[in-house]
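Generate the whole structure from the sequences, applying the supplied hints.
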Amino acid sequence: MAATGQGPVGRDPSGAPAALADDADLAITQLYSAHWHRLVRLAWLLLHDQHAAEDAVQDAFVATHRHWSSIRESGRAVGYLQTAVVNACRSAQRHNVVVDRQNARDLGAADAPGRHSVDSAEAHAMRRSQREAMVAALRDLPARQREVLVLRYYGDFSEAQIADALDIAPGSVKAHAHRGLNTLRRALPTQRLYDFPTPEVDQP
Amino acid sequence: MNADDNPRRPRPDDETVVIGSGLGGVEADLRSVLRADADSIRPGERLAAILSQAHEGAGTQTASRRRAWPILAAAAAVALLAAGSLWVAARPGTDAPAPAGTTSTTTSTAPSRPPVSLPSTTKAPATSDTAPGLPQAPPAATITGVPVYWIGETGGSPRLFREFLTVPDEGGPIASALYAMTRMQPLDPDYATPWTPASRITTTRSGSNLTVDLSADAVYGTGVGSEMAARAVQQLVYTATAAASVAHMSVTTVTILVDGRPADLWGVVRVGTPTARAPVSEVQSHVWVLSPSEGQELAPGRLSFTGYGTSFEANFLWRITSDTGALVAKGHAMGGTGDGGFGQFTFDQTLPAGQYVVEMSTDDPSDGASGRGPQVDTKAFSVR
Numbered sequence: 000m001a002a003t004g005q006g007p008v009g010r011d012p013s014g015a016p017a018a019l020a021d022d023a024d025l026a027i028t029q030l031y032s033a034h035w036h037r038l039v040r041l042a043w044l045l046l047h048d049q050h051a052a053e054d055a056v057q058d059a060f061v062a063t064h065r066h067w068s069s070i071r072e073s074g075r076a077v078g079y080l081q082t083a084v085v086n087a088c089r090s091a092q093r094h095n096v097v098v099d100r101q102n103a104r105d106l107g108a109a110d111a112p113g114r115h116s117v118d119s120a121e122a123h124a125m126r127r128s129q130r131e132a133m134v135a136a137l138r139d140l141p142a143r144q145r146e147v148l149v150l151r152y153y154g155d156f157s158e159a160q161i162a163d164a165l166d167i168a169p170g171s172v173k174a175h176a177h178r179g180l181n182t183l184r185r186a187l188p189t190q191r192l193y194d195f196p197t198p199e200v201d202q203p
Numbered sequence: 000m001n002a003d004d005n006p007r008r009p010r011p012d013d014e015t016v017v018i019g020s021g022l023g024g025v026e027a028d029l030r031s032v033l034r035a036d037a038d039s040i041r042p043g044e045r046l047a048a049i050l051s052q053a054h055e056g057a058g059t060q061t062a063s064r065r066r067a068w069p070i071l072a073a074a075a076a077v078a079l080l081a082a083g084s085l086w087v088a089a090r091p092g093t094d095a096p097a098p099a100g101t102t103s104t105t106t107s108t109a110p111s112r113p114p115v116s117l118p119s120t121t122k123a124p125a126t127s128d129t130a131p132g133l134p135q136a137p138p139a140a141t142i143t144g145v146p147v148y149w150i151g152e153t154g155g156s157p158r159l160f161r162e163f164l165t166v167p168d169e170g171g172p173i174a175s176a177l178y179a180m181t182r183m184q185p186l187d188p189d190y191a192t193p194w195t196p197a198s199r200i201t202t203t204r205s206g207s208n209l210t211v212d213l214s215a216d217a218v219y220g221t222g223v224g225s226e227m228a229a230r231a232v233q234q235l236v237y238t239a240t241a242a243a244s245v246a247h248m249s250v251t252t253v254t255i256l257v258d259g260r261p262a263d264l265w266g267v268v269r270v271g272t273p274t275a276r277a278p279v280s281e282v283q284s285h286v287w288v289l290s291p292s293e294g295q296e297l298a299p300g301r302l303s304f305t306g307y308g309t310s311f312e313a314n315f316l317w318r319i320t321s322d323t324g325a326l327v328a329k330g331h332a333m334g335g336t337g338d339g340g341f342g343q344f345t346f347d348q349t350l351p352a353g354q355y356v357v358e359m360s361t362d363d364p365s366d367g368a369s370g371r372g373p374q375v376d377t378k379a380f381s382v383r
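As they're listed, the protein sequences go chains A and B.
Quick note on numbering that gives the first Met the number 0: the first sequence kicks off at 0 and runs consecutively.
Quick note on numbering that gives the first Met the number 0: the second sequence kicks off at 0 and runs consecutively.
These are computed hints drawn from the structure, not numbers from a lab.
Since the structure is predicted, the reported quantities are computational estimates derived from the model, not experimental observations.
Mixed in with the good hints, there may be bad ones.
[Claimed, not checked] Cross-link-like lysine to any residue pairs, in silico, SDA-like; alpha carbons within 20 Å at most:
hint: 1; chain 1: B; residue 1: 329; chain 2: B; residue 2: 364
hint: 2; chain 1: A; residue 1: 173; chain 2: A; residue 2: 162
hint: 3; chain 1: A; residue 1: 173; chain 2: B; residue 2: 24
hint: 4; chain 1: A; residue 1: 173; chain 2: B; residue 2: 23
hint: 5; chain 1: B; residue 1: 329; chain 2: B; residue 2: 372
hint: 6; chain 1: A; residue 1: 173; chain 2: A; residue 2: 160
The structure is reproduced here in structure tokens:
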């Protein structure tokens with residue numbers, strides 16, 4: 000699934016703007032049904048606060064609606080949305096909309112017992128905890144490295160698209176990704192979580 | 000933007016790097032972890048809110064944002080709208096029939112809808128109270144796995160027990176859990192709640208504090224003692240924060256209001272300021288039966304039982320009795336830290352078809368001499 004290149008967010012369908020309606024309401028509705036869930040999940044990965052994630056993506060959609068005529072002309076609606084989502088997430092983080100993450104984690108843990116007690120096999124629990132360790136390591140990365148990794152490995156953005164969305168030089172994308180991956184590798188000296196073939200890298 | 004973005008000082012390891020070179024394993028793990036983490040949430044629907052906010056004009060963005068989250072609209076409605084049709088359904092009004100399963104005397108001013116059994120964790124469409132003319136969803140939704148705390152008498156005082164329930168969707172896990180706490184009955188008949196059915200509950204989040212505004216009918220009556228009333232406040236705080244964590248929201252304190260104002264609940268306990276969870280060992284039962292759940296049907300054979308709590312020297316006692324009260328099996332199990340920390344414990348037992356009750360209890364080395372006795376939780380279940 001990971002190597003197909005058909006990412007959850009998808010690539011900017013640069014040839015497709017003609018398919019989007021002139022009418023802003025209709026266009027936003029089309030964009031919403033195609034991208035809302037994916038963008039909220041993307042924002043969730045950046046913020047780890049669902050409410051803040053939904054707010055950020057809502058703001059991005061509202062901004063897209065308000066500037067619809069010029070965005071439609073540019074033919075980059077999805078790219079605009081994605082950039083707006085990333086910016087809104089950065090802004091949410093700066094303004095501390097996302098609060099008390101550790102506390103939230105503790106509360107989540109406090110309420111964990113029993114949720115999976117019926118069906119959780121030991122191996123499943125093991126896998127879960129390794130996954131949680133990687134999620135935690137990802138959260139501890141500098142924001143820019145986390146953004147690059149999320150856009151690349153969840154959003155399947157190309158380097159150029161990441162550079163564009165984050166407004167940084169393409170060379171920086173590589174550097175951030177490499178540093179982030181190295182930190183994750185060092186943080187997780189354990190064996191592989193999942194056993195599937197190594198995906199091709201740097202696929203356009 | 001970060002200072003290190005552009006221009007960037009050259010670093011020796013940058014040039015030859017192809018993303019992922021030598022890091023293929025980490026990349027593959029990261030992909031699957033991100034996917035799993037992303038799939039762990041269930042985005043709420045906000046199309047109606049987006050369209051209404053977009054039409055409110057520029058400059059009001061922040062002020063006008065609806066903080067009453069999340070607005071749920073039907074995927075079906077979205078699809079219909081996308082196809083060019085606008086479909087409008089009337090919002091259930093105040094004279095909608097009270098949902099089955101809730102107390103029939105409730106005259107609800109909140110959207111009331113009959114619970115519908117759905118096979119999976121989520122739900123179909125709920126409604127949103129947005130501008131007229133925007134798409135509305137049909138009423139029919141439940142949420143499963145909603146944590147609700149109840150109060151049971153054990154070890155000489157009222158203590159909290161938790162159940163995961165399937166409840167009518169009142170607009171996300173928090174509101175749904177709180178409505179259920181006042182309107183529904185616990186599955187386990189040993190538990191109770193001093194709250195009475197609320198006709199209206201509104202929740203507002205501000206930072207990590209959640210304000211829960213109840214209609215006065217939620218605290219109807221007298222005869223609720225001060226110890227029970229204080230526990231009931233924690234029942235609400237535990238329920239709200241647990242439901243928030245299910246919704247992946249950071250809520251650490253809860254401010255309870257009645258009809259918009261601070262109040263004396265049942266005339267004995269003052270609320271109106273942010274309240275955090277009290278320490279778990281003070282308010283929660285020191286033993287919970289996690290599985291089986293009350294009334295669960297199990298297949299015959301070797302059954303696994305799970306409890307959770309804290310006990311003297313980490314030792315818990317258990318007994319299984321038949322429906323006639325005859326002792327079928329008993330034993331002990333280790334769990335928790337033995338010095339106040341809570342933890343799980345498990346044991347297995349083979350049982351033939353029949354009706355049973357499992358009792359799990361803390362170890363009371365004083366044999367009752369301490370005056371409080373062991374804490375206990377029981378579940379009735381059947382094997383067939």
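Tested hints:
| no. | hint | verdict |
| --- | --- | --- |
| 1 | 329(B) x 364(B) | holds (18 Å) |
| 2 | 173(A) x 162(A) | holds (10 Å) |
| 3 | 173(A) x 24(B) | holds (17 Å) |
| 4 | 173(A) x 23(B) | holds (15 Å) |
| 5 | 329(B) x 372(B) | holds (19 Å) |
| 6 | 173(A) x 160(A) | holds (12 Å) |
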